[in-house]
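K.L.:
Residue-level listing of the chains:
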Amino acid sequence: MSPANDHYAYYPGCSIRSTSKAYEQSTMKVIESLGMTFQEVEDWNCCGATEYFSINSLPAYSLVARNLSLAAKQGASDLVAPCSACYLNLHKTDKYMGKYQDLNKDVNQALAAGNLGYEPGSLQIRHLLDVIVEDIGFDAIAEKIEKPLWGLRVAPYYGCLIVRPDSKYNHEYPTHLDELLRILGATVVDFPLKTHCCGGHMTQISDETAYELIRRLLHNADEYQADAIATICPMCQMNLDVFQPQVNRMFKTDFNIPILYFTQLMGLAFGISEKELGFDSQVISANAALKKIADEAPEKTKKARRDKKALPMPESLP
Amino acid sequence: MTEEKVGVYVCHCGHNIAGTVDVEAVAEWAADMPNVAISRDYKFMCSSLGQELIEEDVKEYGLTRVVVAACSPHMHEPTFRRACERAGLNPYLFEMANIREHDSWVHADDINAATEKAKAIVAGSIRRVMELQPLEPFIAKIDEPTLVVGGGIAGINTALEIANAGHPVYMVEREPSIGGHMAQLDKTFPTLDCSACILTPKMFDVGNHPNITLMTYSEVEQVDGYVGNFTVRVRKKARKIITDLCTGCGDCWSRCPAKVVDDVYEAGLGYRTAIYRPFPQAVPKYPVIDVDTCIYYEKGTCKACQKFCPTDAIDFDQEDEIVVLNVGNIVLATGYKLFDARRIPQYGYGRLANVFTSMEFERMVNASGPTGGKVVLRDGVTEPQTVGIVHCVGSRDRNYNQHCSNTCCMAALKFAHLVKERTGAEIYNFYIDIRTPSKNYEEFYHRILEEGAHLIRGRAAEVTDAARLPGEEGKLIIQAEDTLIGKQRRVPVDMVVLMAAMEPYEDAVEVSHRFGIGCSEAGFFTEKHPKLDPVATMTDGVFIAGACAGPKDIPESVEQGAAAAARVLTLIGQGEIKIEPIRATIDEDRCSGCRICNNLCPYSAIEFIEELGVSRVNPALCKGCGTCVAACPSQVIEGQHFTFDSIMAQIEGILYDRIEDTERVTYLGSQPAEAR
Numbered sequence: 000m001s002p003a004n005d006h007y008a009y010y011p012g013c014s015i016r017s018t019s020k021a022y023e024q025s026t027m028k029v030i031e032s033l034g035m036t037f038q039e040v041e042d043w044n045c046c047g048a049t050e051y052f053s054i055n056s057l058p059a060y061s062l063v064a065r066n067l068s069l070a071a072k073q074g075a076s077d078l079v080a081p082c083s084a085c086y087l088n089l090h091k092t093d094k095y096m097g098k099y100q101d102l103n104k105d106v107n108q109a110l111a112a113g114n115l116g117y118e119p120g121s122l123q124i125r126h127l128l129d130v131i132v133e134d135i136g137f138d139a140i141a142e143k144i145e146k147p148l149w150g151l152r153v154a155p156y157y158g159c160l161i162v163r164p165d166s167k168y169n170h171e172y173p174t175h176l177d178e179l180l181r182i183l184g185a186t187v188v189d190f191p192l193k194t195h196c197c198g199g200h201m202t203q204i205s206d207e208t209a210y211e212l213i214r215r216l217l218h219n220a221d222e223y224q225a226d227a228i229a230t231i232c233p234m235c236q237m238n239l240d241v242f243q244p245q246v247n248r249m250f251k252t253d254f255n256i257p258i259l260y261f262t263q264l265m266g267l268a269f270g271i272s273e274k275e276l277g278f279d280s281q282v283i284s285a286n287a288a289l290k291k292i293a294d295e296a297p298e299k300t301k302k303a304r305r306d307k308k309a310l311p312m313p314e315s316l317p
Numbered sequence: 000m001t002e003e004k005v006g007v008y009v010c011h012c013g014h015n016i017a018g019t020v021d022v023e024a025v026a027e028w029a030a031d032m033p034n035v036a037i038s039r040d041y042k043f044m045c046s047s048l049g050q051e052l053i054e055e056d057v058k059e060y061g062l063t064r065v066v067v068a069a070c071s072p073h074m075h076e077p078t079f080r081r082a083c084e085r086a087g088l089n090p091y092l093f094e095m096a097n098i099r100e101h102d103s104w105v106h107a108d109d110i111n112a113a114t115e116k117a118k119a120i121v122a123g124s125i126r127r128v129m130e131l132q133p134l135e136p137f138i139a140k141i142d143e144p145t146l147v148v149g150g151g152i153a154g155i156n157t158a159l160e161i162a163n164a165g166h167p168v169y170m171v172e173r174e175p176s177i178g179g180h181m182a183q184l185d186k187t188f189p190t191l192d193c194s195a196c197i198l199t200p201k202m203f204d205v206g207n208h209p210n211i212t213l214m215t216y217s218e219v220e221q222v223d224g225y226v227g228n229f230t231v232r233v234r235k236k237a238r239k240i241i242t243d244l245c246t247g248c249g250d251c252w253s254r255c256p257a258k259v260v261d262d263v264y265e266a267g268l269g270y271r272t273a274i275y276r277p278f279p280q281a282v283p284k285y286p287v288i289d290v291d292t293c294i295y296y297e298k299g300t301c302k303a304c305q306k307f308c309p310t311d312a313i314d315f316d317q318e319d320e321i322v323v324l325n326v327g328n329i330v331l332a333t334g335y336k337l338f339d340a341r342r343i344p345q346y347g348y349g350r351l352a353n354v355f356t357s358m359e360f361e362r363m364v365n366a367s368g369p370t371g372g373k374v375v376l377r378d379g380v381t382e383p384q385t386v387g388i389v390h391c392v393g394s395r396d397r398n399y400n401q402h403c404s405n406t407c408c409m410a411a412l413k414f415a416h417l418v419k420e421r422t423g424a425e426i427y428n429f430y431i432d433i434r435t436p437s438k439n440y441e442e443f444y445h446r447i448l449e450e451g452a453h454l455i456r457g458r459a460a461e462v463t464d465a466a467r468l469p470g471e472e473g474k475l476i477i478q479a480e481d482t483l484i485g486k487q488r489r490v491p492v493d494m495v496v497l498m499a500a501m502e503p504y505e506d507a508v509e510v511s512h513r514f515g516i517g518c519s520e521a522g523f524f525t526e527k528h529p530k531l532d533p534v535a536t537m538t539d540g541v542f543i544a545g546a547c548a549g550p551k552d553i554p555e556s557v558e559q560g561a562a563a564a565a566r567v568l569t570l571i572g573q574g575e576i577k578i579e580p581i582r583a584t585i586d587e588d589r590c591s592g593c594r595i596c597n598n599l600c601p602y603s604a605i606e607f608i609e610e611l612g613v614s615r616v617n618p619a620l621c622k623g624c625g626t627c628v629a630a631c632p633s634q635v636i637e638g639q640h641f642t643f644d645s646i647m648a649q650i651e652g653i654l655y656d657r658i659e660d661t662e663r664v665t666y667l668g669s670q671p672a673e674a675r
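Those protein sequences? They're chains D and G, same order as listed.
What the first sequence shows, in numbering that gives the first Met the number 0, is residues 0 to 317, in sequence order.
What the second sequence shows, in numbering that gives the first Met the number 0, is residues 0 to 675, in sequence order.
To be clear, the hints were calculated from the coordinates, so they are not data collected in a lab.
Mixed in with the good hints, there may be bad ones.
Taking lysine-lysine and the BS3-like style, the derived pairs with C-alpha atoms no more than 27 Å apart in a straight line are [said to hold, decoys possible]:
1) K308/D with K373/G
2) K299/D with K373/G
3) K307/D with K373/G
4) K307/D with K302/G
5) K474/G with K308/D
6) K308/D with K235/G
7) K307/D with K577/G
8) K258/G with K301/D
9) K336/G with K284/G
10) K308/D with K419/G
11) K140/G with K577/G
Label pairs and their in silico Cβ distance ranges [to be verified]:
12) A141/D with R254/G: 43 to 49 Å
13) S315/D with E575/G: 53 to 59 Å
14) S56/D with A352/G: 43 to 49 Å
This structure is a prediction, so every number in the text was calculated from the model and none was measured.
Cβ atoms here follow ideal geometry from the backbone N, Cα and C, with glycine treated the same way.
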C-alpha cells in the first residue's frame, strides 16, 4: 500500500535539525525505500517543547496551532512528527481546541492576526512510528529487508509521551515498536521500563534527578542484556546517549549501550550503509553492538523439556 | 354515547386532597356531567366503607362505569378494580382520576386553580371511562417442570428446593461436571470450611435425586414460549463416552498421552489429559474427550483410552444430541468468570512468573490441586518468604469494571491466613477499603490482623521486577502510596496474588437475549427490582440467582437460589396465572405485513405469520407498552384499554370548558370513529 504522496505533511521539529540529525537522515532514507514522500510544512515554527506550555498556555497553543494551520493549508490529511514531544504538542493542541470552545476561539483569534486559522479535527496528527506501523504495515516492511538484524538484542524504548493524552495503543504497555523490531529480525528485549520517563529537560534543571532516571533505564536494559536501545524521540535519544558518560561518572557505573533511532535500525535492515544512516553522530558508539548481528538466523531453540515440577505460565496477550 | 351510567367518587384522602382541592364542589359539579348517575365525595375511598359505597351504588343505580378521583393508579387501581369485580362489574370498566399526585400535592399554593384542574381531570376520566371495553384476563397454565440453567451453588440449591418439593427439574450445565467455581475453592470464609466438603454432598444429591434430570456438557440453544409454557431446545454435546457403560474407573485418563494445560478447573495452573474428568468428585462421574486436543481427532491414531476401557464405553463417533424440553419456569444461575488480569499490564500477570491470580492461588492451596496444597513459586519448588496480595484488580476501576466484586476482600484475608498457616511468610495486603460486611466477616478480619498480616491502604500502582533500591534485586516490587502515612512505598516480595474482579461471562449478553431478559452493559442479568424483587426478571417465568445477577458470595448465592425456587413453587402451586389483558392487538384484516412492529417490540412479543402475511401479537408476552401501537404506519394496532378513541375522549374531557360539545379533537392522520 503506498499512500498518496500529498497525504502527509511533515513536521520535523527543531531537534531533528540540530542535535538529532541522524534521526532525520535515517527517516528520509527509510521512507524513500518504502516509496513514500513527506511534504515539509512550509515555514514551520518551534512547537514550544515542554517549557512554553508551563509558562503561558495560550501563546503556547497558538504557536503550535500556527503549524497546524500551515499544514492544513497545504492540503494534507495527516501531519507526521518524528519527535514525541512535537507529536504530543501538535496532537493535544488539536484535541483540546476541539474539546474546549473557549480555547478554540482564542487560538483562532490569535491566528487570524497572521491571516491563518485552524479547524480542530482537520488533520490527523501522527507519530512517525504510528505511520510506519499502521499505514505501511509489517508485510511491506518485511519485503524490504535485506539484512535482518539477527542476534542483536534490542530494547524498545517508547518514552513517556507517545501514549499521551490518549492512544489506540495500550498506555502502560504498547507493543508496536516491539513488533517492528521483531520483524526486522532483532531479538526484542521486553524490558519493563519501556514507557518510563527519560528525564526530559531535567538534565538542564536538576542533573541529579535526571541522571537517576537515566541510570534506571540503562541499568534495567543492561539487566535484560540488551545490546542496544531503540528510541523514537530525539530527547530520549539524547538523554540516554549524550549523558551516558555523566551517568557513569556520577554513579560509578560502566554502561556502554548504544542508543539508536528505530529508523536507523530499519535502514540497517534494509541494507543501507551506516554512514548514510547517521551512525557516526552518537556519543556511545554502536560498533560493538552491530558486530553482534549474525549472518544466519538464530537456530530455533528446541522446545525445552517441560520441567515436571514447574507450574505452567499463562500466555501473554499479543 | 349510549345509556352508560357513570358513578363518580371524589376522595378527600384525609387532608391530602381536601386540604387543597374543594372536593365537595368537584363532586357537586360532576353530578351535572352527562351520563353521570351518581356523584359523591368521601373521606377515604380506599377504606372498606369507601369500597362498599361503590359496590352498593353499582347494585342500586345499575352503574355501568365507575370513576374514582383520588390518588395514583399505582396506589389503588387494583383495589377499586377488585371492588367493581365484587359488585359484578368488569374491573376494566373502572377509571382512576389522579387528583393527588397530579394535582393537590403539586398545586398547594393555588387552591382555586387546583380545584379547576381537578374538574378537568375528572371530566377527562368520565369521558374516557365511557369508551372503555370490558376485558378478560388471559389465563396461562403453568407446566410443572422447571429448567435450571447452571450447576453452581446457586443452581444446585434451586434445583434441590424444587425437587424436594416434589416437582421435576431439568438442570443444564455447560461444563462436564456441576459444582461451578465453588468446586475450585480450597477453604471458604469466614469459617474456613473445606469448600468441596460442603459442596459435594449437595452435588451428589442433585446427581441422584429422582426428580432431577441432570444434563451436563450441555447448553440451551433456543427458548420459545412464555411463562408456564416454555419450549427449550438443549444441545447435549457429545462426551464421546457411552455413559450407560462407563463405570468411572479412570483407566482411560490414566493412559491418555495427550497432556494440556487445564484452563478451566485448574485455572491454568495444572494439566489434564485430552480424555478427562474435571476433578475427582465430579458429578456425573463420567469423563469427557476434548476433541481439540485428542490425538485421535488430529491424527487418527492412539485410541489408548478405547483400548484400555474395560467396558468398551468409548465411542469416538458419538454425535451431539438435541433434546426439546417443555417447562413452566426457568431459573438462570450461570455464574461469573474471573477478570483477565493480563488486561492490566502494570501488574505483570503473564510476564512476571511469580504473579498469580486469585483463582490460580486457590488451586495452589487446594490439597487436591497441582502442588498438593503447598504454597510455592512458579518453579513449583521454592517457598516464598514474602507474599503481596493486591486487592481490586479490575474492580472499582473506571478503566475496567466500576463495580466492587463483593468477595475479594474476604478472599484476600483468607489467603493471608492460609499463607501464614502454611509457610510463615510475611504478608502484605494492598487495599482501597476492607469490605467485610456480612455475619462474622468483620471478626474474621480482626483475626487476620492479629495473625500479623500487614495491611497497606493504597491501591497498588505497579508490580515490577525493575530493582532500584537495596533489597529489591531478584524480587518483585509492589509500589503503592501508603495513604495512611502519606508516603510512597516499595515493598519487595517473592510472590504476588492479584484479587481479580468477578465479571459476567463473555456470552452473557447473548444468553440474556436467548432467554428474553435484560442485562446491564457489562452483562449482569437485570432483576425486576433491585431492592424488592432481586430474583425475578421483567419476563414472567424467568428468574435469576447467584453471581450472574451481580457479584456475590456463597451465602448470598444460596439465598437467591432458594428465593428463586420459592417463586417457582408459588407459580407451580397456583397452577395457572392471570395475564393482564392490557395488550396490543393487530387487526389482521388491515395489516399490510410491513413488519415494522416486529423488531420494535422490547418483549419479542410480535411474530409474523408467513401463511397469512400478517403480524400477530402474542398476548402472553405482550406487556402493553404501546410501542407498536405508535409505530404502526397503518394504525392497525390498537392498545386494549388504551384505544385511540379512549385517549382522544380523555383529551376532549380535559378540555371540557374550552371546546364546543360538537367539536372533536383530531390528530394527524386520524379518522373519526364513524368514518372507519
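K.L.:
Which numbered conditions among the earlier hints are violated in the structure presented, ordered from lowest to highest?
P.N.:
2, 6, 7
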